[in-house]
Amino acid sequence: MIDVKGLKKTFGDNEVLKGIDEHIYKGEKVVVIGPSGSGKSTFLRCLNLMEIPTEGTILFEGSDITHANDRDINLMRRKMGMVFQHFNLFPHLTIKKNITLAPVKLGLMTQAEADKKAEDLLERVGLPDKANSFPAMLSGGQKQRIAIARSLAMNPDVMLFDEPTSALDPEMVGEVLELMKQLAEDGMTMIVVTHEMGFAREVASRVMFMADGYIMEQNTPKEFFENPQNPRLREFLSKVL
Amino acid sequence: MGFVDSFKQNFIEQDRWHYLANGLGTTLLITFFSVLIGMVLGFIIAIVRFTHDKTGKMKVGNFICRIYLTVIRGTPVVVQLLIIYFVIFASVPISKIFVAIIAFGINSGAYVAEIVRSGIASIDDGQFEAGRSLGLNYRQTMISIILPQAFKNVLPALANECIVLLKETSVSGYIAVQDLTKGGDIIRSQTYSAFMPLISVAIIYLVMVVVLSHFVTKLERRLRQSDRR
Ligand SMILES: Nc1ncnc2c1ncn2[C@@H]1O[C@H](COP(=O)(O)OP(=O)(O)O)[C@@H](O)[C@H]1O
Ligand SMILES: [Mg+2]
Numbered sequence: 001m002i003d004v005k006g007l008k009k010t011f012g013d014n015e016v017l018k019g020i021d022e023h024i025y026k027g028e029k030v031v032v033i034g035p036s037g038s039g040k041s042t043f044l045r046c047l048n049l050m051e052i053p054t055e056g057t058i059l060f061e062g063s064d065i066t067h068a069n070d071r072d073i074n075l076m077r078r079k080m081g082m083v084f085q086h087f088n089l090f091p092h093l094t095i096k097k098n099i100t101l102a103p104v105k106l107g108l109m110t111q112a113e114a115d116k117k118a119e120d121l122l123e124r125v126g127l128p129d130k131a132n133s134f135p136a137m138l139s140g141g142q143k144q145r146i147a148i149a150r151s152l153a154m155n156p157d158v159m160l161f162d163e164p165t166s167a168l169d170p171e172m173v174g175e176v177l178e179l180m181k182q183l184a185e186d187g188m189t190m191i192v193v194t195h196e197m198g199f200a201r202e203v204a205s206r207v208m209f210m211a212d213g214y215i216m217e218q219n220t221p222k223e224f225f226e227n228p229q230n231p232r233l234r235e236f237l238s239k240v241l
Numbered sequence: 001m002g003f004v005d006s007f008k009q010n011f012i013e014q015d016r017w018h019y020l021a022n023g024l025g026t027t028l029l030i031t032f033f034s035v036l037i038g039m040v041l042g043f044i045i046a047i048v049r050f051t052h053d054k055t056g057k058m059k060v061g062n063f064i065c066r067i068y069l070t071v072i073r074g075t076p077v078v079v080q081l082l083i084i085y086f087v088i089f090a091s092v093p094i095s096k097i098f099v100a101i102i103a104f105g106i107n108s109g110a111y112v113a114e115i116v117r118s119g120i121a122s123i124d125d126g127q128f129e130a131g132r133s134l135g136l137n138y139r140q141t142m143i144s145i146i147l148p149q150a151f152k153n154v155l156p157a158l159a160n161e162c163i164v165l166l167k168e169t170s171v172s173g174y175i176a177v178q179d180l181t182k183g184g185d186i187i188r189s190q191t192y193s194a195f196m197p198l199i200s201v202a203i204i205y206l207v208m209v210v211v212l213s214h215f216v217t218k219l220e221r222r223l224r225q226s227d228r229r
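Listed in order, the protein sequences are those of chains A and B. Counting from 1, position 139 in the first sequence corresponds to residue 139 in my numbering; the numbering is continuous, with no gaps. Counting from 1, position 112 in the second sequence corresponds to residue 112 in my numbering; the numbering is continuous, with no gaps.
Keep in mind that the hints are not guaranteed to be accurate.
Claimed, not checked - For lysine to aspartate or glutamate, the following EDC-like pairs were computed, each having C-alpha atoms within a straight-line distance of at most 16 Å:
#: 1; chain 1: A; residue 1: 97; chain 2: A; residue 2: 72
#: 2; chain 1: B; residue 1: 54; chain 2: A; residue 2: 51
#: 3; chain 1: A; residue 1: 97; chain 2: A; residue 2: 113
#: 4; chain 1: A; residue 1: 8; chain 2: A; residue 2: 28
#: 5; chain 1: B; residue 1: 152; chain 2: B; residue 2: 185
#: 6; chain 1: B; residue 1: 57; chain 2: A; residue 2: 70
Simulated from the structure, these hints should not be mistaken for laboratory data. In this text, all values refer to a predicted model and were calculated from it rather than measured experimentally.
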């Protein structure tokens with residue numbers, strides 16, 4: 001589904017990604033872990049071209065998006081949902097409008113269809129009574145569940161999560177992870193950057209360790225956590241577990 | 001001379017109050033249309049400048065905008081008014097009021113532009129990214145997500161700019177436009193009494209400013225609805 005070849009990304013003279021070759025298959029749940037500043041966000045953001053790779057190519061569903069025009073990039077992004085650490089809900093719009101804005105503006109649904117979809121999604125994320133609230137009235141956990149609903153409104157083929165629970169108070173982490181687990185069970189292809197090792201163990205089909213701009217090691221969660229090979233990974237795991 | 005006599009002399013005799021009434025109309029007319037021009041110009045310039053800073057596109061547009069901003073903000077509005085009237089429109093038979101509208105509109109645009117630009121810049125980058133990641137293009141993201149928030153943030157500053165402009169139009173007399181200030185001054189020159197006409201003019205400006213400020217505060221409160229916790 002996503003094919004990454006020789007991906008490099010440099011900011012100024014700071015080489016953040018130093019050559020990544022990776023394939024992500026439909027239905028996979030890939031969890032990316034690694035120390036802060038290792039390039040996890042940059043990797044994720046290169047996948048939907050929020051950052052333009054310095055070198056390398058990315059194929060999404062067979063087409064090269066690194067050399068696509070703006071229009072095709074926008075079409076690609078509809079199919080790649082992204083969930084941010086800080087939610088980035090639109091504070092000036094109601095929850096329902098947050099969810100329906102993109103599908104309506106892009107002409108994918110009428111307002112009525114989108115409203116119906118929003119109601120279904122709000123039901124699904126467990127916040128059916130928040131349709132007419134504004135983001136500022138919600139807790140962090142609720143905001144993130146709405147952000148996920150907003151992405152789902154576009155019917156994406158893959159969802160990218162960049163530390164979706166890192167900005168949350170501990171008691172709200174569970175509700176968001178639970179929702180992500182449901183999504184995983186429903187078959188969504190997911191790439192998740194997180195520090196939640198429990199989630200990685202339970203939900204991931206594959207766990208990657210990123211450090212110094214490379215994917216240093218990857219494996220099934222069981223092998224990854226029980227039998228880490230790379231010394232950097234062992235050290236990292238000893239700190240976080 | 002008592003208050004009543006002075007009032008009669010300055011406003012009632014020869015229907016001198018017409019100078020104030022017509023002058024007020026002219027002042028409001030000039031302010032209204034120059035605010036419109038200023039807003040349109042200001043938003044366009046702010047968007048060009050922001051787009052340049054954000055994407056590196058629109059190099060020429062950005063360059064022109066910067067010259068415009070430097071010139072307009074670096075020279076007095078009276079001088080701009082005089083130049084536009086006596087130099088640019090010198091050989092064109094044209095309404096003085098129209099010239100004043102153009103001059104104050106162009107002047108205000110520069111200040112509105114910087115206000116709006118700071119408003120756009122104050123919006124968290126995450127808003128932009130959220131819009132783009134949903135597949136909205138640059139334009140759609142600006143129009144649906146960034147500009148409404150930026151507008152809300154700078155509304156008090158914009159309203160302030162309107163109020164400043166309302167008062168600034170009082171120099172229209174330099175090109176012999178009979179606005180409110182000029183109206184009061186004409187009465188003064190006819191009756192040789194300065195207090196009554198000039199204080200009246202001041203009070204009329206003051207009332208307008210106070211009413212306008214009150215209206216803005218109300219509007220702000222309504223817009224803040226979405227920020228309620
Ligand atoms: N827009 C940017 N401009 C310059 N440097 C950046 C930018 N984004 C990220 N970086 C740098 O890239 C490195 C990796 O950042 P990031 O991908 O956010 O790491 P992680 O998500 O793993 O913590 C950091 O050193 C960071 O300073
Ligand atoms: Mg990060």
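Hint-by-hint comparison with the structure:
{"no.": "1", "hint": "A:97 - A:72", "in the structure": "violated (25 Å)"}
{"no.": "2", "hint": "B:54 - A:51", "in the structure": "holds (13 Å)"}
{"no.": "3", "hint": "A:97 - A:113", "in the structure": "holds (13 Å)"}
{"no.": "4", "hint": "A:8 - A:28", "in the structure": "violated (23 Å)"}
{"no.": "5", "hint": "B:152 - B:185", "in the structure": "violated (39 Å)"}
{"no.": "6", "hint": "B:57 - A:70", "in the structure": "holds (14 Å)"}
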